[in-house]
Amino acid sequence: MSGLVLAEVPFPPSVDDIFPPSLWESAPEWLTKFSLFLWLAVAVVLIYFLVSYRDPKIVPTKKQWLAESIYGFVREGVAKDVIGHEGLRFAPYLASLFCFILVGNIFSIVPLIQVSPNAHIAFPAVLALSTYGLYLYQGFKKHGFVGYLKHATVLPAPWFMQPLLLPIEALQAFILQPVTLALRLFANMFAGHMLLLVFTLGGFALLNAESLFLKPVALVSWAMTIALTFFELLIAALQAYVFTLLTANYLAGTLAEEH
Amino acid sequence: MLFLAEGAEHNPIIPIWQEIVLGFIAFGILCYVLMKFVFPRMEETFRARVDAIEGGIKRAEEAQAEANRLLEQYKQQLAEARTEAASIRDEARADAQGIREDILTKAREESDRIIAAGREALQTERQTIVRQLRAEIGSLAVDLAGRIVGESLEEEARRRGTVERFLDEIGDGAAGTAGRR
Numbered sequence: 000m001s002g003l004v005l006a007e008v009p010f011p012p013s014v015d016d017i018f019p020p021s022l023w024e025s026a027p028e029w030l031t032k033f034s035l036f037l038w039l040a041v042a043v044v045l046i047y048f049l050v051s052y053r054d055p056k057i058v059p060t061k062k063q064w065l066a067e068s069i070y071g072f073v074r075e076g077v078a079k080d081v082i083g084h085e086g087l088r089f090a091p092y093l094a095s096l097f098c099f100i101l102v103g104n105i106f107s108i109v110p111l112i113q114v115s116p117n118a119h120i121a122f123p124a125v126l127a128l129s130t131y132g133l134y135l136y137q138g139f140k141k142h143g144f145v146g147y148l149k150h151a152t153v154l155p156a157p158w159f160m161q162p163l164l165l166p167i168e169a170l171q172a173f174i175l176q177p178v179t180l181a182l183r184l185f186a187n188m189f190a191g192h193m194l195l196l197v198f199t200l201g202g203f204a205l206l207n208a209e210s211l212f213l214k215p216v217a218l219v220s221w222a223m224t225i226a227l228t229f230f231e232l233l234i235a236a237l238q239a240y241v242f243t244l245l246t247a248n249y250l251a252g253t254l255a256e257e258h
Numbered sequence: 000m001l002f003l004a005e006g007a008e009h010n011p012i013i014p015i016w017q018e019i020v021l022g023f024i025a026f027g028i029l030c031y032v033l034m035k036f037v038f039p040r041m042e043e044t045f046r047a048r049v050d051a052i053e054g055g056i057k058r059a060e061e062a063q064a065e066a067n068r069l070l071e072q073y074k075q076q077l078a079e080a081r082t083e084a085a086s087i088r089d090e091a092r093a094d095a096q097g098i099r100e101d102i103l104t105k106a107r108e109e110s111d112r113i114i115a116a117g118r119e120a121l122q123t124e125r126q127t128i129v130r131q132l133r134a135e136i137g138s139l140a141v142d143l144a145g146r147i148v149g150e151s152l153e154e155e156a157r158r159r160g161t162v163e164r165f166l167d168e169i170g171d172g173a174a175g176t177a178g179r180r
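Protein sequences, first through last, are from chains A and B. Take 0 as the starting number for the first sequence in numbering that gives the first Met the number 0 and just add one per residue. Take 0 as the starting number for the second sequence in numbering that gives the first Met the number 0 and just add one per residue.
Dumping the calculated DSS-like pairs for lysine-lysine here, alpha-carbon to alpha-carbon at most 27 angstroms:
(1) B:Lys57 - A:Lys56
(2) B:Lys35 - A:Lys61
(3) A:Lys79 - B:Lys35
(4) A:Lys140 - B:Lys35
(5) B:Lys35 - A:Lys56
(6) B:Lys35 - A:Lys62
(7) A:Lys56 - A:Lys79
(8) B:Lys57 - B:Lys74
For the chain A half of the interface with chain B, some residues (derived, Cβ under 8 angstroms), not all of them:
(9) Val14
(10) Phe18
(11) Leu49
(12) Tyr52
(13) Ile57
(14) Glu67
(15) Phe122
(16) Leu126
(17) Phe189
Hints were generated in silico from the structure; no laboratory data involved. Positions of the beta carbon are idealized from the N, C-alpha and C atoms, including for glycine.
Next comes chain A alone, as it looks inside the complex:
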């Protein structure tokens, strides 16, 4: 009997829930709704900015002002604050990053979409690799190849500490930073999706329960879903901000003259 209920509503959710079937029958296996949502996120960001910044004025309209505020937030709050005045040239990249991650993340609570492309590790990995490539390039350009390797790994410490510090610093700069960047975003989005699934599907599972006492508990479960949706919105914005902030942070570390 319980097997029948599970067949109706798959519970508990599993990892496979973020690996949906391909978009249409003959499409390649990898071409799923995640790819669709990826392009949707790109389109939303591009259309928003191109439309609201089609005809900029010195005295801005409300639409223009909002678009400028988003860019200004990243420009002043992240690029200028974290990297300093030199950071202003990275503001466009940081703002692009922020907007794309934010829109992608918010997809996780948009009805009918309800999953963020960032819940697939490939997309956070792309973003992390872009940041990684950017700060490596900036480091090599500023300090030279060997210079940057030294800059990133050698700390001003007594010589006998160096054997301990060198591997840690190297690991940190060349592996851990990009990997954690990608994993943090992916894990947050993946876990958020799973949480919402657990409580939504859990509600149905409870409703289908044989015990009459368990059926009303479904309402509690769905109330949790609603609460967690707001929480997910917070996470979505926070993770977009954290990703951008850390990117700026790594750039600042790379561009610093000394440690």
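Let chain A serve as the given structure and place chain B on it in line with the hints.
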């Protein structure tokens, strides 16, 4: 148990490489368009805005300075005009004084001159009259004496000296009285 078996098929932290390629293309396009067509224009707008505001302030400051300069100039000109007016007034007063004195002096001179001329003319007139009178009285007296004494006296021309002397004595007395008048 079924979902666990299926879960083994996909590992969520192993990326799908096609998605990575797709992700790079999508993110690349996004960055390209935003960083080429949107954010630089925003920077431009920000700059234009800063220019507009700073320019406005600068223009206002310039106008203020110009106004102050003009005010200072007007004040100075006003002060100059006042000083000039005062000096002109003083000068005019001095001139008037001078002119009055001149006129008075000239008038006095003129009156003196007229008086002197009158006096002179009177003197001349008197002398002429005296001379005529003397001649007339002389001839009258001689005529009279001749008529009384007879024609013999007429011939005695030397006696004229006596008549002249007599008349001079009388004339001196008359002239002294006229001069004192």
